[in-house]
Amino acid sequence: MPVCTPAHGRQGMAHAVSVSPETSVALLRDVCVFTAKKFRAIAIANIHLDPGHIECLKTALEEAKKAGASVCWADITKKRWADLLGATFAKGDHAGAFETSLMMAAAPQMVRERERISLAPVDGLMPALKKGAKTFAEAGGEDAYFGAPTAASAEDGEASFEALGEILSVSTMEHLGSKA
Numbered sequence: 008m009p010v011c012t013p014a015h016g017r018q019g020m021a022h023a024v025s026v027s028p029e030t031s032v033a034l035l036r037d038v039c040v041f042t043a044k045k046f047r048a049i050a051i052a053n054i055h056l057d058p059g060h061i062e063c064l065k066t067a068l069e070e071a072k073k074a075g076a077s078v079c080w081a082d083i084t085k086k087r088w089a090d091l092l093g094a095t096f097a098k099g100d101h102a103g104a105f106e107t108s109l110m111m112a113a114a115p116q117m118v119r120e121r122e123r124i125s126l127a128p129v130d131g132l133m134p135a136l137k138k139g140a141k142t143f144a145e146a147g148g149e150d151a152y153f154g155a156p157t158a159a160s161a162e163d164g165e166a167s168f169e170a171l172g173e174i175l176s177v178s179t180m181e182h183l184g185s186k187a
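Residue 177 in our numbering is what sits at position 170 of the sequence shown, and the numbering runs on without skipping anything.
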């Protein structure tokens with residue numbers, strides 16, 4: 008069950024539990040500060056792009072850094088990384104080709120193939136968010152997916168995992184280099 012901040016697009020959906028942004032920030036900050044006492048640096052990987060989630064993440068990591076934690080975030084919202092992940096990712100895929108490909112590569116048994124191939128493409132989430140949509144329904148995704156799940160493949164998922172691994176690796180090495 009996803010745990011979301013109230014601004015998250017899934018707010019009001021039966022399967023989601025919402026927590027306040029303050030709770031999200033405090034939890035992540037505290038985990039980073041505690042863990043940083045045991046390691047040289049903490050690397051954060053995230054592919055959830057909801058604006059409320061990203062804002063909580065940024066705030067938590069800023070607070071953790073102020074508390075002395077060495078934290079690296081491979082922020083895939085930056086153009087440098089988004090370009091590496093491709094056009095499907097950049098359009099704001101949610102349970103579309105990008106994310107479904109990841110699932111097909113990592114846990115194909117979790118993909119309901121009959122439903123996947125029956126879903127019509129839905130415009131990407133990012134343009135709707137930029138126009139002010141606050142929920143999936145407001146963005147035109149009443150079924151909580153954006154993009155084209157039918158275009159997904161395990162091969163694309165493997166390539167995306169490779170790219171995500173490279174992004175995390177390069178970001179971490181750059182961070183550690185700045186701390187040398």
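Don't read these hints as lab results, they were simulated from the structure.
Keep in mind the model is a prediction, meaning the values are calculated, not measured.
Some hints here could point you the wrong way.
[Unchecked claim] With a Cα cut of at most 27 Å, we get these calculated DSSO-like pairs of lysine-lysine:
1) K98 to K86
2) K44 to K72
3) K86 to K45
4) K137 to K86
5) K98 to K72
6) K98 to K85
7) K138 to K98
Hint-by-hint comparison with the structure:
1. K98 to K86: Answer holds: K98 to K86 is near 12 Å, not above 27 Å.
2. K44 to K72: holds, 12 Å
3. K86 to K45: violated, 32 Å
4. K137 to K86: holds, 16 Å
5. K98 to K72: violated, 31 Å
6. K98 to K85: holds, 13 Å
7. K138 to K98: Satisfied, since the Cα-Cα distance of roughly 14 Å is no more than 27 Å.
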